[in-house]
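Chain by chain, the residues:
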Amino acid sequence: MELQAVLMAAGGGSRMMDLTYNTPKPLLPVGNRPLIWYPLNLLERVGFEEVIVITTKEVQKALSTDLRLKTDVKMKLDVVCIQEETDMGTADALRHIQQKIKTDILVVSCDLITDVALHEVVDLFRAHNATLSMLMSKVHEFTETVPGQKGKKKGGEQRDFVGVDVTGKRLLFMANEADLEEGLVLRKSIMRKHPRMLIKTGLLDAHLYCLKRSVVDFLVHNKSVTSIRGELVPYLVRKQFSKSLNSPNATEDSEKNQKQQDAHNNLELLSTGKDEPLLQLARERSCWNDHRGDMSEAYHGGKLRCYVHIMEEGMCYRVNTLAAYIEANRVAPKLFDDPSIHPTAVVTERSLVGSDSIIGPYCQILEKTSIKRSNVGTSTTIKEKVKIINSIIMNGVTIEEGCNIQGSVICNNAVIGRGADIKYCLVGSGQRVEPEAERTNEVIVGSDQLMEI
Amino acid sequence: MADSDGRQIDSINHAADGDGKGHGIVRAKTEGKELTKEEKQRLRKEKKQHKKNKKDDKVPTEKEKEKEKPSVQAPSKPVTQSPTHKAAAPVPVSASASESLAAAEKPVKTKAELRAERRARQDSERTSKQGKKEGGQQSTTSKPKASPSELQPVVKRLPEHVQVDDPAALKKLAKKLERQQVPLRSDYGYKVSLFSHLHQYSRKNPPTQQISIPATVIHPSVVRLGLQYSQGIIAGSNARSVALLHAFKQVIQDYSTPPNEELSRDLVNKLSPYISFLSQCRPLSASMGNAIKYIKKEISNIPSQCKEEEAKGKLQECIDSYVNEKIILASEAISKYAIEKISNGDVILVYGCSSLVNHILCDAFEKQRKFRVIVVDSRPRLEGREALRRLVKKGIRCTYVLISALSYILPEVSKVFLGAHALLANGYVMSRVGTSQIALVAKAYNVPVLVCCETYKFCERVQTDSFVSNELDDPDDLIVTRNGKTHLENWQTVKSLGLLNLVYDVTPPDFVDLVITDLGMIPCTSVPVVLRVKNVDQ
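Chains as they are written, first to last, in our numbering: chain A, 1 to 453; chain B, 454 to 991.
The following block holds chain B by itself, in its conformation from the complex (with noise of 0.2 Å):
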């Protein structure tokens, strides 16, 4: 008891210096209910003391501690079992988060107000989150993106496109685009009750319809690469990303800075819009979200005086620089890294196609290594196949199997090399669906799973699981003819029948060995360094 006292203490000594997050979902975790009222005490005290110190505007801090309460609430509640500690166990969580991150600072106000005010707001925001939440898995469907670094007090909201079954944030939506004169492209087909927060579109009706013939509204260029998404022409990570910014390119070359406007404000207005028409195409990439963030901050950081074709050079000299840097050079980086862990009389296995494996196995061929490669391919998309063409053209001797297979295959390899779509905060690695399973079986047959990823795919999300955010393709792809029959082919008939394309998945740190990035090999558990040093650096 003392200890765990002793521990409460230094919990709430951390909670002062800012990690209040992360130790709410400790205490919630390990601590039972009478910690969390002793706690509450504490809290409240510390809370009236602070106030008394620093004067400031109420509202703002009102505002602000109502929004991070959700926030804050949902990383511990799929810790919290019952549902009495949700209102109990947040509230001393949000209570330190909100005096470590406080900035301005209520006016004093009696204990009596206080309690009542609190109360009054537990009870609006208990009654918002049960109205958000209908038929969906609380602990799972509405989860923002926290960030891991308290530093700053920026709320997350829910991103629109994880929110499909909310009819509120499809009016938003709806309006939004309207705005942008973007086309709104329907959801198509039954979709599976887990998955209904996501949006389901087909190929047969492909984002152009409502465009006008020359794209107007939307540069032909950025029409030209949502098509390409859509149909699966440009896909992988590194290639949506590569194509996004040669399109930003076209976009920058064609822009012309309209009169009383600056370049800095106005473009990256100018670019809401395409990217609004290329998220409804295909829900944007973790890479491609970082480039996305990169080109706006450095259009906002041209200065005002800069004459336009300066700026528009220098915009596509920092395009070009980032693809050499974060892509090109990071694979030859990862490539050498990659290939002192590939020894004579390896035999590797890939999985699906990724750009990155690719080009190391290519890379390790030409630097005369002795290997072999075993592709696991799966359905429906069968990137499998493109990749044993790739290696099988340098001359790396192959051999190609579904996913079904593995467990058999398995007691042959030496090492598995997977890709990556994109790394998570929490050390959780989203890629193509089957790689968890991959990991997952390699782990039980003790064989290195070893992921590759560039450090421009590192994003700030954070997800345990696959249903949260995902992405559903199009379920007709899963329809196939075998001797001239099609089973599935009126599938929307059958009431009962749901078909889930899913595309990703999330594989625990537990099941990775090593992550090969270009910044060195680390273990998936750093992660959160490399973002927390990236940020500092940015």
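So here's chain A without its partners, still in its complex pose (with noise of 0.2 Å):
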């Protein structure tokens, strides 16, 4: 076998709270479907048979009734619960399920949705024996006005450096603006071997990695590591060019930096331990190298190495934030070709309903609504004249007659009432909106939710 595929959803969604606080984050509906649905289809589509699932009871339970989910999804999914109250992180789950990894694994995160080329990331961790392959993409500008926002943001989230050598695959640097204080410190020994370096700030990691099998060792002698994207793919990518992996007498170390020492040793050891002279050989026959100017071989003789590809087109999006939801919501259905209008849905002539709409199933829509650039989740209930534009409707949702709606998003079971009208709020889980309300740019949640800060 060559990779397992490894699928985390065990995250709690912790930057859009006002979302995910009553339904799990993989449950999230996007275009009508369950966000977990959007990487297991991605792993189905490019031939994965099984997929190794990380997460919660209650994922469990919906992923063996929720119909999409069962019916759509054919390969064998093994699900690992872990309690939500332990807050693992995603290099302790990968800890956790040691036993059940025996080759490499591709680590996808539950929340990406994208049409990426699998086999680029994958060809990349194959031709070269790299450690850590993953996949990145340009940030995509949101361009919808997000709820409850107040003024325009400017780039709150922290910024990722990453650097990339001339062909654009090869990792070199890769850190995180929270980390850097002082500057950005680049390694003499880096600029000595990649004297060429691109480095990018505008990239969204998609938390896809595929990784060699002794790094789930590593991680099990190092129980210090906690997660993948912060902790251990930088220190991979730091480890590349490391001192101790390169020259094969680094045990002449002192004794001080032992344990340290063994700590990293064992990844050397994990790695290079399987290197057959054969292999040697048709290397060192080979007249291929991956850079020029120098006078080192091949990858400079090291045994660690990352890739990465960067996608330039096409969609890759993570649902991490409420921005990103509402965009995901947007481009999501273009991935699918299910007709707009489920055909349980109930549908009067005198509606209208446009093009980019979609409906979910057992819908009831009733006269002389019109929703426009909307999607509109299974079992929602919307009485005559509503207008709904630019929303996103969950769920169970009941909408009385007459109200106006645009830009929200409304969350599963709430129920807003006649005449309201709500432009660009965010109506919580199973909240009421009180008829004739008028709501702009608000968040309408509980008040037990209010105290999650």
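Note that these hints are calculated values from the structure, not bench results. Just so we're clear, the structure is a prediction, and the values are computed from it rather than from any experiment. A few of these clues could be false.
What the hints assert, rightly or not - Derived lysine-lysine pairs resembling DSSO-like cross-links, with alpha carbons at most 27 Å apart:
no.	chain 1	residue 1	chain 2	residue 2
1	B	723	A	102
2	A	188	A	169
3	B	846	A	193
4	A	243	B	847
5	B	938	A	138
6	B	847	A	303
7	A	138	A	102
8	A	70	A	57
9	B	760	A	188
10	B	582	A	138
11	A	169	B	938
12	B	846	A	188
13	B	767	B	723
14	B	582	B	629
15	A	372	A	423
16	A	57	A	102
17	B	847	A	193
18	B	938	A	200
19	A	169	B	657
20	B	657	A	200
21	B	846	A	303
22	B	657	A	334
23	A	243	A	169
24	B	846	A	243
25	B	746	B	760
As the list claims (entries may be wrong) - Per the computed footprint, the stretches of chain B lying under chain A, defined by three or more beta-carbons under 8 Å from a beta-carbon of chain A, are:
no.	region
26	656 to 666
27	676 to 683
28	838 to 847
Said to hold, decoys possible - Label pairs and their calculated CB-CB ranges:
no.	chain 1	residue 1	chain 2	residue 2	range
29	A	64	B	707	27 to 35 Å
30	A	12	B	941	51 to 59 Å
31	A	86	B	848	57 to 65 Å
32	B	936	A	185	31 to 39 Å
For glycine and all other residues, C-beta sits at the position ideal for the given N, C-alpha and C.
Need the complex rebuilt from these two chains, each delivered in its own frame; the hints are there to steer you.
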């Protein structure tokens, strides 16, 4: 077996609590499908037959009951439950399932919606015998207005600094703005080996990683690493140029660093143990080099290599903020060609449903309603004379007659009273908006949620 | 005239022994139309006698004859000028060949029936031949791999990878790949008409596009190998063979015999789709072909009562010993011989990056020979830079020029060392494109040319030009950006423009002074002898 897929679906959605306090993030509907459907569909399209899903009990239940998930997903899902309260990082989760991992792994996050040709990422992993291969994409500016946002946010997210070599494939440097206090520090050893480095900041990390099996073993030995993205990836990128990996006589080091050295050496030993003599011979005899201009052999003799595939075109979204959620809802329906109006939905003739809207199953749309550029979820009831523009209505919502909803997100099981006028709001799960209300740019959540901070 | 008659008789007698093809060529070349008619009569007489003596099934003989005819006709084709000779000359040749090679015999027939049969056969072959060659050079496009050893009546068909312009062959290939579940890689871009019978792939369409991501049909190490071939990460004849054997070792490691199957037969069947996949990624080299033949032979020689673990271990050992003998030790032996040829004060010219030549030079340097090296390089691969790096790292004094400066630099050179991709049965050297130029110019300057090649790269193919069988690399490699301008960016839109990126060319034996192999230093024309000895050994 070449690769095992691991889907991380235990995350809490901490950056969009308003949406996720009642619904776990993997089950948020995007384009009328649960969010977790998208990475599963990606894996299935590419040819995976089995996926290990790490998630919470609630999501596990949904995986077996939700119609869409059960029927559409033909792969075998090996669901591993973890307790929500334990606050496991992604690396911890990998450590947890270490027994199941027998080959190299492909780690995917549940909030990834993309149409990337996955073979590009995996080919880098295969061809260069890389330890890490990941996917990144150009950040798209979000054009939709986000409900509840006061004024324009100026890139509130911390930027990632990604350094790649001339070919644009080899990953040389990776750091988050938060970790760089005084400035960006580049080691001379890296500059000597790769005098030309391109540093990019406008990249979105898709959280899709191909990792070698030895990395999982390394994680088992080093329990201090908790997050793949936050700690493991920068560590691996730094380790490419670390001296102890390149010189075989690192064991001569002093004993005070012994423990640290041991931990680091573990990675080296685990990754180089398999370098067979024939492979070595083939590489010696091959007249290929990945760089020119200096006297070293291919890959500078380094055993650890990290690669990145940067998507120039195509769709790649990580649904971890409200803005991304709204954008994804806009774009995701293009990924599959479902009929825009589900066959089981009841839409009366006098209502107007725009062509770029989608209506979920079992909906009821009564007369003189106009729905434009919106997504309407399952089992939603929309009464007469309602105008819905540019909004996202989730499942089980009831919208009484005469409402006007614009640019908003209405969560599961909410009720909008008659004649309400809602602009750019977020109505939380199960909330009621009183009739004749006028809300603009507000987040309407229950009082118990306000305690979350 | 008497001499020629005598020669003719001799040649006919020789034909009876079994050198029909070779002498057929000689005959057709030297003698004219009249002799062939005489030959025809004589051979007909002899054939009839032969038939009277032996009695066997008619059908296999006919089939054999028909198959042999196209294969035998082809070698004589480039020699005979007029098309009329084609009918006349090949027939006696084929007749003589068939009578000497035929093991089975036809039952006795009347003269008239035989003549009628023969004429019908000729007609059908002529029409089938003409149908095959459309727009290609008659003398070059359909060249079967004729075996020099006449002991086997095995007919070699045209391999698929030189029949890309034949839709029937393409369909056959597509069907075969579909059966093996290997994705078909489509050709890219406009192909220069002289080479339209060869595949041309683009690096932007990797062969893994249609393979499922955890590769199940094809073993992951073979997928990795294919990728490395197509991206050029493993390049060079030796490197490719070693990497292939390494991948096969892993395949054998992970293999488990299904129930009711024998390892010796099933494993060979398992390897076929892998080999198809690899040849889709990049056409197989001669050394790889020989390695595959060796492995298949070893696998099929495994006794059926051998346990699986034992068999696997044995195969792994075989592979290791093959690499050790044919590659590692061979290069040691070659380097020993070659060092005798390097004297102090020499100026040695090398071309491109040959692992063997680099090894020789590094060894010679270690043994305290004083020489300097001139590395000649050519676009688009610019492999010479890698050779330069390795030699300079060792401490050897080097000069670097591009091939266009060859005639400028040659007066300084005392010897030329060339590596080879394969050595063909007629003594031609197949090597990186540009090698034949170097050999030609070196000959003009009377500089000795030494080719270094291990014996496992000796190939039974016969080729006299670089058109028949070659490899077309990605044409986009020729596109270069200078001063921010890429002139060839939209070369596909210009209808009259074709980009050709050849990989190999053949050097005639007259330009090569010596071939250094692990068996010793032999002249180029002794290659068939080595091949024959190898075949007898095995």
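Okay, the hints, checked on the actual structure:
{"no.": "1", "hint": "B:723 - A:102", "in the structure": "holds (24 Å)"}
{"no.": "2", "hint": "A:188 - A:169", "in the structure": "holds (20 Å)"}
{"no.": "3", "hint": "B:846 - A:193", "in the structure": "holds (16 Å)"}
{"no.": "4", "hint": "A:243 - B:847", "in the structure": "holds (23 Å)"}
{"no.": "5", "hint": "B:938 - A:138", "in the structure": "holds (26 Å)"}
{"no.": "6", "hint": "B:847 - A:303", "in the structure": "holds (23 Å)"}
{"no.": "7", "hint": "A:138 - A:102", "in the structure": "violated (33 Å)"}
{"no.": "8", "hint": "A:70 - A:57", "in the structure": "holds (16 Å)"}
{"no.": "9", "hint": "B:760 - A:188", "in the structure": "violated (56 Å)"}
{"no.": "10", "hint": "B:582 - A:138", "in the structure": "violated (57 Å)"}
{"no.": "11", "hint": "A:169 - B:938", "in the structure": "holds (23 Å)"}
{"no.": "12", "hint": "B:846 - A:188", "in the structure": "holds (22 Å)"}
{"no.": "13", "hint": "B:767 - B:723", "in the structure": "holds (18 Å)"}
{"no.": "14", "hint": "B:582 - B:629", "in the structure": "holds (24 Å)"}
{"no.": "15", "hint": "A:372 - A:423", "in the structure": "holds (14 Å)"}
{"no.": "16", "hint": "A:57 - A:102", "in the structure": "holds (25 Å)"}
{"no.": "17", "hint": "B:847 - A:193", "in the structure": "holds (20 Å)"}
{"no.": "18", "hint": "B:938 - A:200", "in the structure": "holds (24 Å)"}
{"no.": "19", "hint": "A:169 - B:657", "in the structure": "holds (15 Å)"}
{"no.": "20", "hint": "B:657 - A:200", "in the structure": "holds (24 Å)"}
{"no.": "21", "hint": "B:846 - A:303", "in the structure": "holds (21 Å)"}
{"no.": "22", "hint": "B:657 - A:334", "in the structure": "holds (26 Å)"}
{"no.": "23", "hint": "A:243 - A:169", "in the structure": "holds (22 Å)"}
{"no.": "24", "hint": "B:846 - A:243", "in the structure": "holds (21 Å)"}
{"no.": "25", "hint": "B:746 - B:760", "in the structure": "holds (23 Å)"}
{"no.": "26", "hint": "656 to 666", "in the structure": "holds (count 6)"}
{"no.": "27", "hint": "676 to 683", "in the structure": "holds (count 4)"}
{"no.": "28", "hint": "838 to 847", "in the structure": "holds (count 6)"}
{"no.": "29", "hint": "A:64 - B:707: 27 to 35 Å", "in the structure": "holds (34 Å)"}
{"no.": "30", "hint": "A:12 - B:941: 51 to 59 Å", "in the structure": "holds (53 Å)"}
{"no.": "31", "hint": "A:86 - B:848: 57 to 65 Å", "in the structure": "holds (60 Å)"}
{"no.": "32", "hint": "B:936 - A:185: 31 to 39 Å", "in the structure": "holds (35 Å)"}
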